[in-house]
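J.: The chain contents come next:
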Amino acid sequence: MTAPITAPASARAHRPARGRSFPPLRGLLPLGVLLGIWELTGSEGSPYFPPPSTWARGLNRLWEAGTLRPAIGETLVTFGLALVVATLLGAMLGIVVGALRKADRALGPSLEFARAMPPAAMVPIAALLIGYDEKMKVAVVTFAAIWPVLLNSRAGVRALDPVLLDTARSLHLSWFDTMRKLIAPALLPAVLLGVRVAAPVALVITLLVEILTRVGGLGALIALSQRNFLSGQVFGLILVAGLFSFVVNGLVAVLEGYTFRHRPR
Amino acid sequence: MASPLRSRPELTSVPTSDVTGPAYESHNLSVDLDSSEGARRILTGVDLEVAQGEFVSVLGRSGTGKTTLLRVLGGLLDPTADSTVSFRGEPVEGPPEGAVFVFQNYAASLLPWRTIERNVDLGLEGKVSKPEMRQRTAEALALVGLADRAKDYPWRLSGGMQQRVQLARALAVRPSALLMDEPFGALDAMTKSSLQDELQRVQERTGATIVFVTHDIDEAVYLSDRIVVLEGSPATIGHRIDVDLPRPRHQLATKELPAFLKLRRAVYDTIVDVHGQAGDVA
Ligand SMILES: Nc1ncnc2c1ncn2[C@@H]1O[C@H](COP(=O)(O)OP(=O)(O)OP(=O)(O)O)[C@@H](O)[C@H]1O
Ligand SMILES: [Mg+2]
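Chains as they are written, first to last, in my numbering: chain R, 1 to 265; chain Z, 1 to 282.
Only chain Z is shown next, with the shape it has when bound in the complex (with noise of 0.2 angstroms):
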């Protein structure tokens, strides 16, 4: 569908190819939060770079650090000060211009009391003038196949629907990355795998860098240009596994394929190799 009649929608806020090198950098990022014994440190050394349009899941046990991780990315909490954090090559202090985080826990990040549409305005709001917000509310929730259900509210959708919502609000500021911390965690298999679906789609068009929290290796493997892997007690990353499957791909032809299934066996055994057991993840 390359035609030239059809133009690409402008859904990427700023043009990609502006700014050249990585989306995000980060150099012996160390992170300490408080526990009962007082600071306790969550990650260390964490040396990760994301290449713009780039799509890289971080894969790894339950509480190993994969959401503190993915906070720092968003700006919403603080690493130790010997830390580097840049994003399109200025440091992270707050939540970046341009970065927007998906939660997991969609209903609380919704507003109940604002229609679909209103809750999508939410980031725009005193930012663009009215009809800008209208036409980009409108085209965020076609992207995320709602428009039909702009005026209801949220409560009234189901989980999938509640989530595409989110991502929707999330794509309206026409970010350059989303952080997404297992968004799909909370949803059944088929509902799951549509998403999955959707999300590759708006990828495509938008051309937004992702960094994707899962326990999933499936759906890690499916969905990404790269893998990481924290592993550890303070964490760091253990390993990092390229996936070069062909896209755009597909639930059940990318599923089959023998490179699909050795890599899932790759990173399947990384992840028993380091615990173990497999059972903390998937």
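Chain R with its partners taken away, still in its complex shape (with noise of 0.2 angstroms):
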């Protein structure tokens, strides 16, 4: 019998996940509901679950202290920056060692190892190389942020269909407009993906950077905060930092989502 060679498969591998627009803001009714019991049997002075009145004075203080606004900006640089970087060294590093099984062979194992260690204690090194600053900040999240994209990518590019580059040269598309025309747009939806697990993953670990090292932002506010037992204050910051993932998830969930409208479900 004539088996079909290949099962038309692409279609299946442009897939995109579900959940192509922002999240519904009815799913966050239990936490409101938690909220508004805790605030309602919680004591003002407990320094350990000060109720959430309390973390909105303490934001308010820090707001009109003038330090809350230039902690988020430092915060949002940081991680937007070390996401980009992340993504497009990611992907450009993905592309090439999934094409090239030498690249792969060479570099696989340092990739392995890299990947294997914890972005927390990159901190002390990067620190020490780089310097207490912006910089070394980048640089640590982008090093936590940019697997997702890299291990994506090269299973992404092992994923093309050959017959699509076969039509490229048939049609004698050239290399710059095969890379435009097809391979860009058939690895778009694995680099968004990695992209999708990276953006959390740098939200946590720009956070956990500046708690560590003070250096700016949110996190080196929450470090302060608790080191002064403001306990209300660190809450709220945390309430704040919350805020800010369950946007970035939701813009990338909308970016996902613009970009793949026109492919198959």
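Heads up, some of the hints might be wrong.
To be verified - Listed next, the in silico DSS-like pairs over lysine-lysine satisfying Cα-Cα at most 27 angstroms (straight line):
#1 Z:Lys130 with R:Lys181
#2 R:Lys181 with Z:Lys127
#3 R:Lys181 with Z:Lys151
In short, the hints are calculated from the structure, not lab data.
From these two lone chains plus the hints, build me the complex, please.
T.: Set out below in structure tokens:
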């Protein structure tokens, strides 16, 4: 019998994950209820579980002192810059490693080793090498966020159907056009999947680095508040970080939904 | 419908008359491919000549090297150094201008992020002017009966329609030869016969040379001017069968002709003869 040699698989390979729009806000309802109960039952002076109203006061104090806004800005810059660098670098390395067997053999073990290094352990090294500054933060966060992008891009390249390349050759597309019109769009879902995994990692590591090194940002502010026993303020800042991550995840989902609006689901 | 008022659609690039001689010519064509035990000879001493405008089918059991032969003709695969392969008198080194491949796996060959129209544009972009591209794409889509789906996405279409899109994309570059690797192999019988007739019509109107790989004996006899059978390991052309059935052909009338049945039988016998069983083909 004529078994189809290759099942028409590309449609499946291009299928982006579900969740193509901003998550509905009503999912936050249980959290709201919990906070309400906390507010009603908590006591003002508790050093461990200060009720939400004290969080608001703490945040308000920071806002009025003019420290909250720049801290959010710094965290945002570190996070955004690191994610962009991780995406570009990770996609490039992933594509090279995925396309060239030799590169894979030469770099594979080192990549596996580097991937297993906990990013938090990188902080002292990076601080020694680069110093306690913004560059060090970006370097550490990039190092943490690059792996999902790199590994997904590599998998994407390996899953490319050779028919796509034959098509380009048979239609006399230039190397550049083949990359731009076929390979890049075909790899986009894999790269974006990597970004979706990398974004929350980047945020967590950004905050962690800031808490550990006190070099600016929300994390440094959290560490400072904690040292001064301003527990309401600590909770307030953690809430801000949570909202931040909620917005970031939502934006990545929206970006994916927009990019794949014309692709099979 | 040979009215002088109705001009023939200009879908063949190069007028077939300015080059005389065969479209394809191969002498002593051999191919080595990598296997686990080093290079393995897949094809050996294939001498094939395909005339301009001829429809040649390649039959043979699974794994004999039909796809391999077609890829060599399409310039997608290099034969051994002592092989000679030429297309319209020029040696084939890389995909030749004027010969386009049509893959069995249409879904992998079409770009799901482009509309049907933009898929058909792919071979024209940067090579012809915008208005000409629009016109050629529209013409090609009309030729395969998909003019009304131009703005749709390929993955919204049935398999048969997607294969039509691939055919339209090939036709839009106005090739003088089409290399088709089991193009209808994944389609159901009804869709298959309607596409066979569409392909006949296209060839009638464009005068394109077609080399067509298939497993289906009926399909090969129905469509071809000539059938070649690949046999052996490494494979070579074991049988050549001329199919001199009148054209245009019809799914029912042609297939009821005694000549059709005789040819079908003859092809079948060569294959049964060769392999001792027919199960591998068809
Ligand atoms: N890329 C490749 N590298 C090495 N060997 C290959 C490659 N592609 C095919 N072959 C081998 O070459 C032989 C011929 O393969 P080919 O695909 O040309 O057969 P085919 O006649 O088209 O088969 P089918 O009817 O199943 O499509 C097979 O034995 C196959 O194992
Ligand atoms: Mg094949």
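J.: Tell me, in ascending order, the numbers of any earlier hints that this structure violates.
T.: none
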